[in-house]
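With the hints as constraints, model all of the structure from the sequences given.
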Amino acid sequence: MSAHGSIPVLRIGSTLLASIQVELRDTIADAFQEDILQTIAKTGATGLVIDITGLEMVDSYVARVLTNTGRMATLMGTHAVVVGMQPVVAATLVRMGFRMEGVLTALNVDAGLALVSELIARRHGAGQ
Amino acid sequence: MPLQYYMEKLYLDEAEVESRRHFFEITADDLTRLAGLHSFAEKHTDDIVEDLYRLILGHPEAKKQFTEHATLVRVKQAQRDYFLGLFSGRCDLAYVQDRLRIGIAHERVGVPPKWYLGAYARYLRSIFDRIAVELPDAAQARAAYQSIEKLVAFDTALAMDTYIAAQLGALERHQAAIRELSTPIIRLYQQVLLLPLIGTIDTHRADQLMEAVLLKVVEEQAHVIIIDIAGVPLVDTKVADHLLKTTEAVRLLGAQTILSGISPIIAKTIVNLGMNISAMHTKSRLAEALELAFEIIGKRVTSIAKNHPAAAAEATEKS
Chain A
421 MSAHGSIPVL
431 RIGSTLLASI
441 QVELRDTIAD
451 AFQEDILQTI
461 AKTGATGLVI
471 DITGLEMVDS
481 YVARVLTNTG
491 RMATLMGTHA
501 VVVGMQPVVA
511 ATLVRMGFRM
521 EGVLTALNVD
531 AGLALVSELI
541 ARRHGAGQ
Chain B
158 MPLQYYMEKL
168 YLDEAEVESR
178 RHFFEITADD
188 LTRLAGLHSF
198 AEKHTDDIVE
208 DLYRLILGHP
218 EAKKQFTEHA
228 TLVRVKQAQR
238 DYFLGLFSGR
248 CDLAYVQDRL
258 RIGIAHERVG
268 VPPKWYLGAY
278 ARYLRSIFDR
288 IAVELPDAAQ
298 ARAAYQSIEK
308 LVAFDTALAM
318 DTYIAAQLGA
328 LERHQAAIRE
338 LSTPIIRLYQ
348 QVLLLPLIGT
358 IDTHRADQLM
368 EAVLLKVVEE
378 QAHVIIIDIA
388 GVPLVDTKVA
398 DHLLKTTEAV
408 RLLGAQTILS
418 GISPIIAKTI
428 VNLGMNISAM
438 HTKSRLAEAL
448 ELAFEIIGKR
458 VTSIAKNHPA
468 AAAEATEKS
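Line by line, the protein sequences are chains A and B. In this text, residue positions in the first sequence follow this note's numbering: the first is 421, and each later residue adds one. In this text, residue positions in the second sequence follow this note's numbering: the first is 158, and each later residue adds one.
Please note: incorrect hints may appear among the correct ones.
[Unchecked claim] No more than 20 angstroms apart at the CA atoms, straight line, and that leaves these computed lysine to aspartate or glutamate pairs for DMTMM-like:
{"no.": "1", "chain 1": "B", "residue 1": "Lys373", "chain 2": "A", "residue 2": "Asp530"}
{"no.": "2", "chain 1": "B", "residue 1": "Lys456", "chain 2": "A", "residue 2": "Glu538"}
{"no.": "3", "chain 1": "B", "residue 1": "Lys456", "chain 2": "A", "residue 2": "Asp530"}
{"no.": "4", "chain 1": "B", "residue 1": "Lys402", "chain 2": "A", "residue 2": "Asp479"}
None of these hints come from the bench; they were simulated from the model.
Right, dumping it as structure tokens:
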């Protein structure tokens, strides 16, 4: 659990859940990224679900922060999933040519958590 | 459509009315002159309106608009009010609203512009004939003609605008209906959607398709959407690009797209044009796409022993 910033990062088992409910201004976005990475380092979380259902608008900066946070988490050995993107956000990003490559997506928090645990189970399966 | 609809469609506010008055060269002098003719107008209203309806009722086709006596009485009264309105000495927003109401009524009853314009010409002749008698002074008569003509032209413009706005409104409604018909997204199974595309896809339609697909995926919380392009006659670079963009956007939502109905000719086109659509699942037949969709949601289509009715009956007999 983090004490920092306006976006709480919750811990569910070995997965972190961050639900973005406020408009991500640049400073908050940076603090958010830092916060997530620090929490991963501290807790050794194996999964990360970022819920953006509450975002009606995502500009290229925020999209890049989300993508990069996902990629960075992946580098740290955490399965990262962005969930709950609004249709209008998806349409805008794609029209801008922004594909958020390297980041997994799911429809909602539920599906995101399921995807993360499936990936973790698969990794354990492969390791055996 | 209500008055407010047309006021908005035609951007009719104080500034617009002022601008129209300016273009039709309607001055305060004109309005004063018209107000001064009010008693003349009152004296001749009935005559002029009767004269107008002699023209309308004398024309077999135009007459059809007024089969009922009650209607005729009502429109004649409206016509009197309209006529006196010309000599009210006003040409402001309230005047425009009055005029628009009449135009809307004409449009609603289905009076075509040709009757409207023809009747108006008769109207003017009627008025001018009487003015010539009433105002023997040529200069005065001429000034009166001009003032009337200006306001009549002003009114005619409003009427024509109303007709056009009504037609455009109908066109918009039809386009909306076509749009709806052109993106029929069906729920095939829990979490599985199907969009059978038929007909040509242009940029405009592709944009709508993407939006409709994304909204439906989120609304239904679907994991897979199958887009079947068997009914699309031509897939060029643009169409392929649109499909790719839709696939990407669907992925951002956390769902997957399967493209089915890829005919040999479409496969050839895609490869020959050097398009890379490896980001998409592609299948030639819808059945295969459906099987893949089931796989994605963790289900499988399997064969079971067929229970043929005849065989079952025979088995019962033997036992």
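Outcome of the hint check:
no.	hint	result
1	B:Lys373 <-> A:Asp530	19 angstroms, holds
2	B:Lys456 <-> A:Glu538	16 angstroms, holds
3	B:Lys456 <-> A:Asp530	19 angstroms, holds
4	B:Lys402 <-> A:Asp479	18 angstroms, holds
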